[in-house]
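4 protein chains.
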Amino acid sequence: MKKIAVFTSGGDSPGMNACIRAVVRTAIYHGLEVYGIRRGYNGMINGDIIKMDSSSVSNTIQKGGTILKSARSKEFLTVEGRAKAAEQLKKFEIDGVVAIGGNGTFTGAMKFYEEHGIPFIGAPGTIDNDLYGSDHTIGYDTAVNTALDAIDKIRDTADSHERVFFVEVMGRDSGYIAMPCAIGGGAEIVMIPETTTTIDTVIDTLQNGWKRSKTSFIIIVAEGDEEGHATDIVKKVEKALPQMDARVTVIGHIQRGGSPTALDRLLASELGIACVEGLLNGKKNVMAGKINAKIVYTPFEDTINKKKLINPRFTRMVEILSI
Amino acid sequence: MKKIAVFTSGGDSPGMNACIRAVVRTAIYHGLEVYGIRRGYNGMINGDIIKMDSSSVSNTIQKGGTILKSARSKEFLTVEGRAKAAEQLKKFEIDGVVAIGGNGTFTGAMKFYEEHGIPFIGAPGTIDNDLYGSDHTIGYDTAVNTALDAIDKIRDTADSHERVFFVEVMGRDSGYIAMPCAIGGGAEIVMIPETTTTIDTVIDTLQNGWKRSKTSFIIIVAEGDEEGHATDIVKKVEKALPQMDARVTVIGHIQRGGSPTALDRLLASELGIACVEGLLNGKKNVMAGKINAKIVYTPFEDTINKKKLINPRFTRMVEILSI
Amino acid sequence: MKKIAVFTSGGDSPGMNACIRAVVRTAIYHGLEVYGIRRGYNGMINGDIIKMDSSSVSNTIQKGGTILKSARSKEFLTVEGRAKAAEQLKKFEIDGVVAIGGNGTFTGAMKFYEEHGIPFIGAPGTIDNDLYGSDHTIGYDTAVNTALDAIDKIRDTADSHERVFFVEVMGRDSGYIAMPCAIGGGAEIVMIPETTTTIDTVIDTLQNGWKRSKTSFIIIVAEGDEEGHATDIVKKVEKALPQMDARVTVIGHIQRGGSPTALDRLLASELGIACVEGLLNGKKNVMAGKINAKIVYTPFEDTINKKKLINPRFTRMVEILSI
Amino acid sequence: MKKIAVFTSGGDSPGMNACIRAVVRTAIYHGLEVYGIRRGYNGMINGDIIKMDSSSVSNTIQKGGTILKSARSKEFLTVEGRAKAAEQLKKFEIDGVVAIGGNGTFTGAMKFYEEHGIPFIGAPGTIDNDLYGSDHTIGYDTAVNTALDAIDKIRDTADSHERVFFVEVMGRDSGYIAMPCAIGGGAEIVMIPETTTTIDTVIDTLQNGWKRSKTSFIIIVAEGDEEGHATDIVKKVEKALPQMDARVTVIGHIQRGGSPTALDRLLASELGIACVEGLLNGKKNVMAGKINAKIVYTPFEDTINKKKLINPRFTRMVEILSI
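Residue numbers (the numbering used here), protein chains in the order written: chain D, 8 to 330; chain U, 8 to 330; chain X, 8 to 330; chain W, 8 to 330.
Honestly, the hints are just simulated from the structure, not real lab data.
Careful, some of the hints might be misleading.
Since the list can't tell identical chains apart, any single copy or any two copies may satisfy a pair.
[What the hints assert, rightly or not] Heads up, simulated EDC-like pairs for lysine to aspartate or glutamate below, C-alpha to C-alpha not over 16 Å straight-line:
#  : residue 1 : residue 2
1  : Lys-246   : Asp-180
2  : Lys-81    : Asp-252
3  : Lys-98    : Asp-211
4  : Lys-58    : Asp-252
5  : Lys-242   : Asp-252
6  : Lys-221   : Asp-60
7  : Lys-301   : Glu-121
8  : Lys-301   : Asp-142
9  : Lys-10    : Glu-326
10 : Lys-58    : Asp-102
11 : Lys-313   : Glu-233
12 : Lys-98    : Glu-230
13 : Lys-9     : Asp-239
14 : Lys-297   : Glu-82
15 : Lys-297   : Asp-142
16 : Lys-10    : Glu-230
17 : Lys-10    : Glu-122
18 : Lys-81    : Glu-308
Please take these sequences and the hints and turn them into a complete structure.
Laid out in structure tokens, this is it:
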């Protein structure tokens with residue numbers, strides 16, 4: 008292996024730059040040439056590929072977003088698209104590729120390897136954390152802290168006005184972001200896709216709280232909750248409790264940005280190193296992750312097909328702590 | 008004057024606690040007794056009034072929200088409500104009141120003085136800044152910095168995905184928050200109630216930008232813009248530019264919370280002192296403000312009826328700086 | 008078990024309040040009465056003990072410091088001191104105690120139990136992380152992020168002026184804070200008590216960097232490094248490299264304060280619950296910790312006598328990543 | 008005027024990039040070519056000069072430090088050094104120069120104009136704020152907020168341990184940073200070069216506080232205070248009060264870095280525009296500043312020779328508010 012490439016794909020997440028940096032510098036450390044593919048699989052197809060050296064990644068570890076930019080590629084879903092991408096990689100004599108992204112990215116990588124034989128290794132770059140094969144994904148800790156910081160601000164105003172706030176955080180398929188936000192934000196209720204929290208439960212909790220002279224409430228809603236978005240849920244609750252003084256805040260895309268936390272920088276750096284050294288050791292079609300403080304490589308098949316479950320202990324914690 | 012009271016009313020804003028703290032300690036400094044009225048005019052009506060001393064406000068200068076809580080009172084809009092409130096103030100032998108809030112608060116204060124003769128003095132506590140009689144209102148600088156911090160995060164992801172972001176900030180009647188967010192956030196367009204920015208202008212700016220290979224855009228929208236909310240505007244623009252990859256973020260209530268900035272703590276402290284010393288000097292029906300670094304007292308009538316205009320220089324700045 | 012008490016002792020750390028809150032609410036959840044002992048063991052001796060209910064800990068999860076205050080007690084080191092403390096606990100009919108602190112705290116607790124038979128259980132409250140029995144201690148993640156945020160700011164000025172910065176972080180006996188700061192801060196060198204980094208190594212690294220046109224450097228120094236404090240080290244290096252334009256920053260006590268991160272709030276909450284439920288299950292003389300995402304109870308003897316080693320992988324990471 | 012240049016010089020300050028950005032884009036807006044001189048006057052002497060376009064300053068408004076780097080130049084203090092610099096500017100056909108810095112920078116600029124006739128205009132880039140001709144200097148608001156954030160963290164631990172903290176902030180010749188830190192940080196004492204606060208006053212304040220059961224204190228010290236550095240002062244106080252449990256924190260260089268606040272971004276942007284438009288209007292040997300919300304141009308002679316006084320109202324505020 009003499010030349011490798013790195014790219015970011017899918018939704019961006021804080022720490023992607025720290026991971027790119029680690030890939031670039033580890034490659035140089037091991038005497039490899041390293042290229043950056045810009046704009047995800049689209050850039051691979053279009054040959055949007057640049058040579059990188061140590062200074063290309065100077066002063067990037069603390070930056071949100073991705074200096075290689077990201078995109079979702081429809082063309083790469085086609086046989087023709089992948090063939091074009093293979094041509095480009097061959098032109099640059101790329102022997103191995105580090106893909107920083109999520110399951111969409113890894114699915115593409117698997118197909119590409121079957122068809123064109125260039126090995127890919129993955130790093131889990133997504134704020135959602137619902138990726139089998141790593142305790143944390145790169146960007147998750149930052150996203151949670153960003154959301155929590157917003158919730159702290161909301162609590163100031165909720166408390167001053169004695170209101171009920173429904174705060175929607177990211178998580179289309181999982182409550183991984185919602186759960187620590189609820190516990191860390193001192194929320195009374197958390198509504199996530201993995202568990203059923205009915206509108207009646209919300210109503211009961213509010214009514215019981217009012218009885219105990221609790222005057223402000225924070226309810227964290229994962230965007231993919233089975234009762235709908237926060238705006239839907241508040242309407243349903245208001246039907247039963249018209250006296251409720253409620254507000255909705257959707258934290259939104261700020262969760263994707265910002266300077267990565269220490270944990271995310273460290274994780275991204277470790278996994279970037281692990282990807283390059285994994286490629287050098289002949290690994291392919293696997294994602295580097297960190298489980299119980301150890302680096303592990305999980306086959307893309309497993310990251311895609313297996314489900315990472317949220318700790319059931321957490322649900323009980325919200326109940327106890329909001330007593 | 009022997010006993011004064013202080014309360015917060017209307018939407019809460021960061022720095023209200025710093026102002027309460029200054030009122031309490033200045034009162035004590037001048038040998039006065041001081042009371043806190045909780046929950047705005049409602050608390051005045053219900054006698055929700057507590058004695059305060061120096062330690063009541065210890066460790067509060069850095070806290071968002073208001074330790075006295077806030078509310079909007081319908082009952083105080085009635086003659087009967089105000090009579091009840093007067094009864095309570097007389098029971099506690101309150102000689103003067105510091106009202107931290109906005110024009111709704113001051114309107115009530117004026118009526119109350121006419122009917123019951125207890126003097127009120129105001130401090131401008133609102134994030135909106137559209138209050139005649141002070142260059143800055145308490146909480147405005149914090150709200151702008153909070154919104155700007157969110158916009159910085161959004162730029163990370165906008166830039167990585169080469170998207171157009173429509174970011175809605177607070178400002179029902181004014182662009183005071185939107186304007187520094189646009190300039191400080193490096194936005195390409197700002198849409199505020201005070202000026203007309205048509206959908207066609209937005210379309211032109213985007214198209215011209217794309218021609219110059221600009222790939223990501225941030226458009227700041229004040230919630231009260233004449234073209235509607237950010238969600239409305241994006242729909243109108245998408246009709247003409249279906250290829251646009253756009254996202255909307257509504258920054259929302261986080262702008263009301265959080266620890267106040269240095270400027271807001273200083274301003275709140277100065278105005279709290281000015282309110283108490285104003286009362287001692289016989290002032291009433293005026294708001295203490297700071298204009299050109301000097302403390303000034305403006306009649307409530309003027310704060311309510313006169314309009315504070317946004318600096319027209321700013322609009323030109325957005326145009327120059329996004330070239 | 009009917010009545011328990013909780014206290015904080017030793018150096019304060021962010022998340023102590025979140026832990027107190029969890030102890031209080033879990034106790035109430037299980038039908039216990041709960042008391043707070045103020046000012047550590049001194050308060051125990053002096054009967055500075057207050058009844059707590061659910062609202063005593065409202066709105067505290069996000070706050071730095073400790074609402075119960077902390078102190079180091081010389082008197083508790085004596086048999087007489089501990090006898091006075093036992094008298095107080097008996098007066099309040101306390102059946103069990105949750106001690107949030109470090110090894111000094113736990114040593115006292117063990118002696119106390121031997122002499123007076125009241126069971127103590129511990130939670131690891133220290134920013135230093137060098138406590139056997141938990142992957143993270145409460146406050147560690149926050150301290151690291153605070154230091155890292157400071158280092159990011161220093162890098163701005165180091166880079167602008169092309170200077171060498173020696174940044175000292177906390178860690179009298181360990182490099183637990185220094186190491187993630189070095190990796191996450193993009194430092195060129197890290198100097199910690201656990202490993203030997205000679206002045207010659209520092210000189211070589213700087214000279215090699217200059218040869219490769221690197222113009223600014225950040226060197227992270229744990230306060231307990233064998234070469235001395237950052238101010239000492241810079242003097243030694245300057246002797247060999249008088250042309251070096253260097254500055255020293257000691258991050259200091261800001262690392263102890265601030266709002267806890269999500270990870271610390273979660274950890275503190277989990278361990279607070281684990282302490283109360285541990286006491287209810289008859290555990291004593293153990294510290295609740297979290298290892299590989301599971302709650303574990305480690306005997307005080309082990310937390311005191313066993314050493315938690317820093318991951319050797321990290322040293323290699325600094326070398327690779329600063330290439 | 009067809010070609011202008013911009014450079015940063017002296018200590019870096021947050022907002023310098025926002026100012027460079029405004030200079031570059033305003034130049035382009037007015038049809039000028041624009042060059043960046045790197046490394047201050049040294050770069051001018053060495054021809055370290057680069058062509059800049061609109062994208063050179065993309066995504067920089069939020070960044071601390073200066074993308075053009077800064078330095079102090081001994082060579083420029085000599086006639087020969089300035090002659091070399093003039094040669095370089097003539098080679099690049101530079102007709103006018105925007106200097107972002109402080110009085111050292113402006114003194115050099117005046118001499119240079121006398122000798123070589125190329126007009127310079129200045130923007131006040133320094134965190135210290137002690138520059139006649141502008142209410143605020145670029146970076147001052149950020150530095151104050153950074154220091155205040157650190158003080159908030161210190162208060163957490165001061166309060167928990169009931170300690171006295173001596174916190175040293177920047178300000179060799181002035182208390183501009185110290186004063187708002189003291190007021191906004193809720194400090195009991197502020198020690199600045201402009202006023203005399205004796206060690207006896209400190210001792211009295213502490214003793215009076217203890218009598219009133221105040222248990223923790225924060226004392227803000229400007230580095231240039233007449234009683235010495237914070238470490239000196241604490242030693243003097245400890246002599247009289249050996250029972251005092253005191254700590255020192257020197258906030259240091261973090262005050263120079265970090266993302267600029269809204270106020271600094273706005274100010275830097277306005278002044279950058281004002282510099283370019285000033286040059287176009289024939290102004291020279293003046294600094295663009297903002298006084299009472301209006302842009303004003305002050306002769307370098309005045310910025311150098313006149314003294315900007317700190318508002319005496321502030322000293323009284325610290326006294327009242329720490330009652």
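Verification of the hints:
1. Taking the shortest Cα distances, Lys-246 and Asp-180 never come within 16 Å of each other, neither inside one copy (27 Å) nor across copies (30 Å).
2. Taking the shortest Cα distances, Lys-81 and Asp-252 sit within 16 Å of each other only across copies (14 Å), while inside one copy they are farther apart (45 Å).
3. Taking the shortest alpha-carbon separations for Lys-98 and Asp-211, neither the intra-copy value of 64 Å nor the inter-copy value of 39 Å comes in at or below 16 Å.
4. In this assembly of identical chains, the alpha carbons of Lys-58 and Asp-252 never lie at most 16 Å apart, being 57 Å within a copy and 29 Å across copies at closest.
5. Taking the shortest Cα distances, Lys-242 and Asp-252 sit within 16 Å of each other inside one copy (12 Å), while across copies they are farther apart (30 Å).
6. Taking the shortest alpha-carbon separations for Lys-221 and Asp-60, only the inter-copy value of 13 Å comes in at or below 16 Å, while the best intra-copy value is 58 Å.
7. In this assembly of identical chains, the alpha carbons of Lys-301 and Glu-121 never lie at most 16 Å apart, being 29 Å within a copy and 39 Å across copies at closest.
8. Taking identical chains as interchangeable, the C-alpha atoms of Lys-301 and Asp-142 lie at most 16 Å apart whether they share a chain (10 Å) or sit on different chains (13 Å).
9. Neither within a single protomer nor between protomers do Lys-10 and Glu-326 lie at most 16 Å apart by alpha-carbon distance, with minima of 53 Å and 22 Å respectively.
10. Proximity of Lys-58 and Asp-102 under a CA criterion of 16 Å is satisfied intra-copy only: 14 Å inside one chain copy versus 38 Å between copies.
11. Taking identical chains as interchangeable, the C-alpha atoms of Lys-313 and Glu-233 are never at most 16 Å apart, the minima being 21 Å within one chain and 48 Å between chains.
12. In this assembly of identical chains, Lys-98 and Glu-230 lie within 16 Å of each other by CA distance neither inside one copy nor across copies; the values are 43 Å within and 51 Å between.
13. For the identical chains of this complex, Lys-9 and Asp-239 are neighbours neither inside a copy (54 Å) nor across copies (44 Å), given an alpha-carbon limit of 16 Å.
14. Taking CA atoms no more than 16 Å apart as the test, Lys-297 paired with Glu-82 passes in neither setting, with 32 Å inside one copy and 46 Å between copies.
15. Taking the shortest Cα distances, Lys-297 and Asp-142 sit within 16 Å of each other both inside one copy (6 Å) and across copies (14 Å).
16. In this assembly of identical chains, the alpha carbons of Lys-10 and Glu-230 never lie at most 16 Å apart, being 41 Å within a copy and 42 Å across copies at closest.
17. Within a single copy, Lys-10 and Glu-122 get their C-alpha atoms no closer than 20 Å, and across copies no closer than 55 Å, so neither meets the 16 Å cut-off.
18. With identical chains, the CA atoms of Lys-81 and Glu-308 are never at most 16 Å apart, being 21 Å at best within one copy and 60 Å at best between copies.
The earlier numbered hints that this structure contradicts are 1, 3, 4, 7, 9, 11, 12, 13, 14, 16, 17 and 18.
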